[in-house]
Amino acid sequence: MRDVAVVGFAQSASVRRETSGNEVEMLMPILQEVVRESGLAKQDIQFTMSGSCDYLAGQPFAFVSALDAVGAWPPIVESHVEMDGAWALYEAWVKIQTGEADSALIYAFGKSSMGDLPEVLTIQLDPYYTAPLWPDAISLAALQARAYLEASGKTERDLAEVAARNRRTAAGNPKAQIRKSADPAALLDSPYIVSPLRKHDCPPISDGCSAVLLAAGDLVKKARRKPAWIRGIDHRIEAHSLGVRDLARSVSTKLAGERAGVGKGRVDLAELHAPFTHQELILREALGLGDSVNVNPSGGALAANPMMVAGLTRIGEAATRLSAGEGKRGIAHATSGPCLQQNLVCVLEVE
Amino acid sequence: MSDTLGSPPITSIGTPIRLDYTYTAGAATQKFLAGMAEGRILGQRCPSCSKVYVPPRGACPKCGVATTDEVEVAGTGTITTFCIVRIPSDVLSVPPPFACAHVLLDGADLPFFGLIYDCPFDQVRMGMRVEAVWVPKAELAATFESIRYFRPIDEPDAAYETYKEHL
Numbered sequence: 001m002r003d004v005a006v007v008g009f010a011q012s013a014s015v016r017r018e019t020s021g022n023e024v025e026m027l028m029p030i031l032q033e034v035v036r037e038s039g040l041a042k043q044d045i046q047f048t049m050s051g052s053c054d055y056l057a058g059q060p061f062a063f064v065s066a067l068d069a070v071g072a073w074p075p076i077v078e079s080h081v082e083m084d085g086a087w088a089l090y091e092a093w094v095k096i097q098t099g100e101a102d103s104a105l106i107y108a109f110g111k112s113s114m115g116d117l118p119e120v121l122t123i124q125l126d127p128y129y130t131a132p133l134w135p136d137a138i139s140l141a142a143l144q145a146r147a148y149l150e151a152s153g154k155t156e157r158d159l160a161e162v163a164a165r166n167r168r169t170a171a172g173n174p175k176a177q178i179r180k181s182a183d184p185a186a187l188l189d190s191p192y193i194v195s196p197l198r199k200h201d202c203p204p205i206s207d208g209c210s211a212v213l214l215a216a217g218d219l220v221k222k223a224r225r226k227p228a229w230i231r232g233i234d235h236r237i238e239a240h241s242l243g244v245r246d247l248a249r250s251v252s253t254k255l256a257g258e259r260a261g262v263g264k265g266r267v268d269l270a271e272l273h274a275p276f277t278h279q280e281l282i283l284r285e286a287l288g289l290g291d292s293v294n295v296n297p298s299g300g301a302l303a304a305n306p307m308m309v310a311g312l313t314r315i316g317e318a319a320t321r322l323s324a325g326e327g328k329r330g331i332a333h334a335t336s337g338p339c340l341q342q343n344l345v346c347v348l349e350v351e
Numbered sequence: 352m353s354d355t356l357g358s359p360p361i362t363s364i365g366t367p368i369r370l371d372y373t374y375t376a377g378a379a380t381q382k383f384l385a386g387m388a389e390g391r392i393l394g395q396r397c398p399s400c401s402k403v404y405v406p407p408r409g410a411c412p413k414c415g416v417a418t419t420d421e422v423e424v425a426g427t428g429t430i431t432t433f434c435i436v437r438i439p440s441d442v443l444s445v446p447p448p449f450a451c452a453h454v455l456l457d458g459a460d461l462p463f464f465g466l467i468y469d470c471p472f473d474q475v476r477m478g479m480r481v482e483a484v485w486v487p488k489a490e491l492a493a494t495f496e497s498i499r500y501f502r503p504i505d506e507p508d509a510a511y512e513t514y515k516e517h518l
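One line per chain: the protein sequences are A and B, in this order. According to our numbering, the stretch in the first sequence is residues 1 to 351, in order. According to our numbering, the stretch in the second sequence is residues 352 to 518, in order.
Treat the hints with caution; some may be incorrect.
Derived lysine-lysine pairs resembling DSS-like cross-links, with alpha carbons at most 30 Å apart [as the list claims (entries may be wrong)]:
#1 B/Lys402 with A/Lys42
#2 B/Lys413 with A/Lys222
#3 B/Lys382 with B/Lys402
#4 B/Lys413 with A/Lys42
#5 B/Lys488 with B/Lys413
#6 A/Lys180 with A/Lys199
#7 B/Lys382 with B/Lys413
#8 B/Lys413 with A/Lys221
#9 A/Lys180 with A/Lys154
#10 A/Lys328 with A/Lys180
#11 B/Lys382 with A/Lys175
#12 A/Lys199 with A/Lys175
#13 A/Lys254 with A/Lys154
If you want the footprint, here are the derived chain B segments under chain A, 3+ residues with CB under 8 Å [to be verified]:
#14 370 to 379
#15 414 to 423
#16 434 to 442
Please keep in mind that the hints were generated in silico from the structure rather than gathered at the bench. C-beta: ideal position from N, C-alpha, C; glycine also.
Working from the sequences, and respecting the hints, build out all of it.
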């Protein structure tokens with residue numbers, strides 16, 4: 001295995017509705033920032049990789065027009081996944097493992113505000129038997145939350161505490177969208193959206209983008225920041241049909257965590273991509289994270305959830321915090337699909 | 352088939368999907384569309400390579416930098432390449448044959464896609480000089496369709512050297 005490090009990260013502020021710029025205008029300053037701050041030159045980037053979803057923009061091949069923000073001239077080596085940017089990072093990591101590149105720029109963008117997000121997300125379901133019933137994303141998350149509460153003995157109060165903790169922590173993250181919270185007890189006074197979920201249990205709808213720079217070999221020496229080394233990375237997917245899964249547990253996260261080597265050392269901090277409160281608790285259990293772990297120092301996806309971006313941002317956040325001295329070893333997690341269907345776990349370390 | 356299935360095969364099911372979007376043009380395209388409503392063609396210049404993009408999307412796709420410098424370009428230009436369409440279109444209300452062309456507007460560095468009319472289609476050629484034909488002033492709006500089509504103007508053809516790097 002080649003040692004690969006995160007040597008750069010930049011993100012836009014997450015906002016409810018970005019009306020002044022299109023995707024290219026949103027991305028451009030972030031792509032320039034991540035390269036400028038890294039210490040590497042644009043010419044050092046040997047592979048470019050993105051993650052996004054054309055259904056968010058309602059525009060076929062939106063990801064190709066986003067290339068305008070990169071400056072693809074002379075022609076570059078590029079690839080794209082119709083997934084969260086965390087999976088784009090995985091592909092870039094594999095590319096570097098093959099020896100075909102020593103560096104990669106990975107970016108992700110999502111303007112969820114352009115459509116009706118809960119409805120757009122329905123399109124990822126089975127098109128014949130599930131999608132025609134239009135179960136929206138919040139209703140599906142609520143099915144999972146109910147299954148989890150019944151199976152675990154946890155309460156709605158526990159969920160409210162997750163919400164309050166994440167959003168209060170986000171006060172220290174100027175890029176987050178929701179940066180304060182009422183007390184957990186007060187949160188429980190609000191009405192249900194889809195029982196057992198209340199508004200605070202759900203993520204905000206966000207527009208935003210982020211970018212990560214990976215490097216290996218001699219290029220790492222050019223990095224301005226302390227490199228955060230990827231010590232393990234793995235992703236696993238569960239069945240498409242919700243009915244055949246155990247929604248109260250995340251077997252795919254557990255397996256990905258084991259394969260990535262989460263348990264091989266102490267974990268100082270973890271950035272978990274948990275858009276819904278109960279999902280953080282499911283993920284903590286799947287990864288075996290105890291109370292000593294600093295979970296979501298950024299405020300996580302409950303504070304800012306640009307679709308296709310929030311997973312990549314977890315890797316960028318965890319790496320940046322380790323580089324800045326907030327810990328020696330950290331975990332980043334990304335999810336995709338309804339009810340934590342697919343999960344990626346990345347173990348990062350600084351020396 | 353029906354013997355092995357025990358019933359007639361199901362040949363189709365209907366699962367209609369409709370999603371509505373609110374498009375965000377972005378800062379650069381917003382200005383271009385506002386120009387269309389005034390009968391003007393507005394582009395933007397790259398601060399790095401000086402190329403002028405029409406319509407602008409806010410970035411130079413070659414340099415990857417923001418194009419902030421606004422430039423008005425002419426409604427006249429040169430056909431850099433073209434094709435003659437002989438198959439009917441479900442969405443265009445134009446009977447075939449008709450000509451589609453890339454028109455390099457004077458002052459721009461990115462050819463613009465347009466239909467060519469008021470000209471026998473077999474006379475359309477590379478280098479031909481054309482001009483934009485706008486909808487009547489009262490019908491100008493913030494849409495690409497404010498330009499109805501392009502038609503030839505009485506000028507000698509442009510030399511190949513003047514547009515060869517824009518093919």
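(request) Would you pick out the hints that fail for this structure and give their numbers low to high? (result) When the structure is compared with the hints, numbers 5, 16 turn out to be violated.
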